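Engineer: Residue numbers (my numbering), protein chains in the order written: chain H, 1 to 655; chain B, 656 to 1198.
It is possible that part of the hints are untrue.
Stated by the list, open to error - Only pairs whose alpha carbons sit at most 30 Å apart, straight line, appear in this in silico DSBU-like list of lysine-lysine:
(1) H:120 - B:746
(2) B:837 - H:630
(3) H:630 - B:746
Everything labelled a hint here was simulated from the structure, so no lab data went into it.
Since this is a predicted model, take the numbers as computed values, not measurements.
Residues per chain are reported as follows:
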Amino acid sequence: MEEEEIQKAVVAYLRKKGFTNTEHALQEEQNRVSFSSNSDHSVSRLENGPVRYSDGYSKLRLWAYSSLDLYKHELLRVLFPVYIHCFMDLVAGGHVHEARIFFHTFREDHESMHLRDLQKLEGILSPLHLEEIELSRSFRQNKFKIKMCEYSYDLLLQYLQKTQSFTMRGVINEHIDFEVSPGQPTLSSGDADFVTIEGRKNDLARQINQKEIHWGLLEDSLEQHLERPVSDSEKAESANKEMNPEDNKKRPLDGGKQGIPVKMVKKDKLVSMVGKNVRSETSAVSVAPRVKPELTLPATLVEVEQAILEDLRSRVQLNNLALPSISFYTFINTCNRLNCSSISQDGSLVAGGFSDSSLKVWDISTIGQLVKTSSLQGEKESAKNENFPATEERRKPYTLFHGHSGPVYSTTFSPFGEFLLSSSSDSTIRLWSTKLNTNLVCYKGHNYPVWDVQFSPVGHYFASSSHDRTARIWSMERIQPLRIMAGHLSDVDCVQWHANCNYIATGSSDKTVRLWDVQSGECVRIFIGHRSMILSLAMSPDGRYMASGDEDGTIMMWDLSSGRCVSPLVGHSSCVWTLAFSCEGTLLASGSADCTVKLWDVTASTRASRMESKSSSSNRLRLLKALPTKSTPVYTLQFSRRNLLFAAGALSKCS
Amino acid sequence: MSIVPKETIEVIAQSIGIANLSSDVALALAPDVEYRLREIMQEAIKCMRHSKRTVLTAEDVNSALSLRNVEPIYGFASGDPLRFKRAVGHKDLFYIDDRDVDFKEVIDAPLPKAPLDTAVVAHWLAIEGVQPAIPENTQVEAIVAPSENKKSENSKEDGLLVDLKLPVKHVLSRELQLYFDKITELTVTRPESILFKEALVSLAADSGIHPLVPYFSYFIADEVARSLNDLPILFALMRVVRSLLQNPHIHIEPYLHQLMPSIITCVVAKRLGSKITDNHWELRDFSANLAASVCKRYGHVYHNLQSRLTKTLINAFLDPSKALTQHYGAIEGLAALGTSVVRLLVLPNLEPYLQLLEPEMQLEKQKNEMKRKEAWRVYGALLRAAGKCLYDRLKLFPGLLSPPRHPVWRINERVATSQSNKRMSSTNLSMQQPPLKKVAADGPTGALQPIAMTANLQGAPDGFPARSSGTGVGQPSTSGQVPMKTTGGRQEKGGSVAPKGSAVLAQAWKEDLDAGHLLASLFQSFGEGVFSFIQPVEMSFFI
């Protein structure tokens, strides 16, 4: 009995250090010894090799499933890590065939929660692969962390002692960290978060998420110009509410003075960080602190500014009762070759990137006669005045841009529509002028296909993300990147700017979203929770929240300051290609491969979460409306400054 | 152990010129091949996602290969999905059909049409959150939207209901306007043309015409009122209504209130068409069926729909001042609503009505041939309605008719009721009951039967003089079925003799009596014309 334990310890030690040969030798010798010494004992010993894993696991599984209902879901959490590690131990031990059988026998149990992981691990067929696949490496190196109540933990210990299953005990000791909490078991049985998070990464994330982040809006923004005349009455109104009076004074001050001292801003920030819990009633927009830009921002032209102010003045107020109008641009006859599309801020230009390396831009004002309604027309006219001399005559309804030598994966318009960026699998990013209809710059820097490119909200700067696992910040005037953000463990699939231009968010195939400081290039937040690759990101206009959509159709809302998920939104059945916040941040629109545009109520969810405790996150963000299209997956969504929603997608008949 | 069998590795090795690959090597290579395959596929899926697709193509695999600096596989790049064929004799073996193409064929073939260029079209997916019903959008269920709202929040319902209707008017596209103009023009000018038939098919099947429904219903109402003496147009209009009702994509309930009066007009109008030769009877039948189908389909939504319709019709039927054509329409309309309506509303009034009708039908009393013809028409309609009703009843009680067949067969008299005739039928009635009751009672108490039978036999003569004294004939418009009353009384008598506990039995018996008596009274009214409706039952009896 004791001897066996010592042996176990030795084996575990050897395995930990990676001395597999020694381990084998030891085992073999042991087998021989036991064979010679005791014949009937040897039978079980021989079996012990690979079989003990599946035996031990199936017993543990049976026990966990038949345990008390109250503690069951906590005990079931133990199964997945044990399963994974049994499998990997088997593979590492060279019992590949047995590992396969073991894997397939119990696969169904975990399919619902961890399908993607299983698909990846399925390919592991030799000990070498264990080292090669990142997922398995991180599983091997890190410990699972499982939260459990005291009693469940006791139950588990009792079981392990009673059954004498040393294999299981070894696996559990080696790979699982228990976070035992006194009291009752947690109620949320469906939450997989308790299991999937790995120890070290989690610690890292926690450490990173401690960093301070200034999510406030830029001071001296155009919205404030508009607010200024209104703010007097608003102030009176908001003063009636129980609002932090200090804050209230500060805000109009911010707007009033142009060059406000930095100290003041700092203080404001501090107040906002500390006083967040105190201010629970007021809406996010009115209390959003102002921050200084870390980048030197380009100056906006006076007439452009005028146009924007005009737009802001005639903006439609949206909320859960007043839903937006949606103008849908359908690409037809694309033969499945359209990879991406984007719409300019005012909706007058639509760009499509194709897999035949071409990039096409349509001017909606020349084709969409049907769309000409009062609201849209006004906007278009203003756009025309600034962008188009309207002298050109075109034979084709679109402008064709040639230049890339591989499929175009992403396009983005500059905020005022005069520039267009495109990224391609030829690892370049190209800048095009929509006025001159020509290529201006080719930015080379990435080594692999560039999946996504996004202009910053003020223009001039842009961010790109690539298969080479980096995201980069560029400015239009330099052909070298200004910053390289490295840290993701897999492809960086999408990138998005924060409203104040000081941060960018990146979503990756490693299922995390990261927030990076543009100035320092550091990662300031890691958001863990998605179960598959992240395809789309959106930042709320008040800079406080971020939404991310993944391959499975899940959308998550994150609070940037805490790094926590506010609420997961379940509703889409397929990839969420695009997300967009309405201009005042009350609505979130999502477009998906399941051919629907869905509108979600942001205020309801965030208000609720602020009033309640933040830890419990249920599906609170309400689905306001699902608008199906006729078999057109929605590729892109764009709110205009007047809160008209533009959507685009390619009609696909075979879907 | 790996999904790639070692034989595959050996075959691949042979294909690149390694003939003597040892099986150990193949065995060792197999897992790695599988791993690489999975790796490539994982990359390919990434490429697929970034191309915003959900179906993996050969192109994706090629770009994944080029990501890994591997030469792509040529020859499979095609926009279409590959067509695999099953190998004969193998369940899981597929291959790509790669036909030999003759150069000559390719060269001689006419140039294929140039593919259409990519284009962008714009439409409104939603206007203030409400999807307009235009062909570009999937169909919206107009009813669903408000009910959903009701579930989620009551407060915003008002605002949304208003919203619902605005865009419908708003969004009548030019195509729809053209369509509407064309259809209305066809209806009014060329209702006989083949084109109009096509138009009807289109109306019945097209999914995008929902916004036009209010216009159509207005047009129909307007046009029916205007062209009452133009039979072809009326007919065409009714056909349009039928097509609209058939269309599964449109939501016609809100417009029924506008359509129903037009339909009913076509059923019970005094004059339809201008010429004598116009076959307005057919139009009445057609419209009556339409009205009935509307009732059947939307009766559960609008509870008073059928009651209002029947009220209108029965008023027309019972008003002796109305023209015979109107009576005809009313009878047809009621008959189309089903046999129970006929049984409850028409049959009680049958006898008095026939008395009214009779003089009109006889040559000597009604000199106007036109009027006489009309009267006969009405008579035919009545007969049909009553007969159907009877047939329906008899289906419920198939054994009912066996005994009366013979006596009835002999009787050969006219509508004019005579004492003897009545007696005859009445005896029929009493004769047929015992066996029937045997079926119904089926043994609660054997002793009950003879008592009941005697009661019945007594009852028959009892009831008989009462009826011949004229009460049954005299009160047409009292609430229930007059003939039934007498039977009812009889039955009560029987019931009082029998033990009280047999309520169920009594009920069954009453039904029998109803049916039996129905036949009798109908026979009184129509003579042997009625028996054509019994035929199938008799047949079944014979078989």
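Engineer: Given the hint that residue 630 (chain H) pairs with residue 746 (chain B), test it: the Cα-Cα distance must not exceed 30 Å.
Structural biologist: It is violated: about 37 Å lies between the C-alpha atoms, which goes past 30 Å.
Engineer: Keeping to a limit of 30 Å between CA atoms, is the pair of residue 837 (chain B) and residue 630 (chain H) held or broken?
Structural biologist: 27 Å, holds
Engineer: Does the alpha-carbon distance linking residue 120 (chain H) and residue 746 (chain B) stay inside the 30 Å limit?
Structural biologist: The given pair, whose Cα atoms are some 28 Å apart, holds under the 30 Å limit.
Violation of the numbered hints given earlier is confined to hint 3; every other hint is satisfied by the structure.
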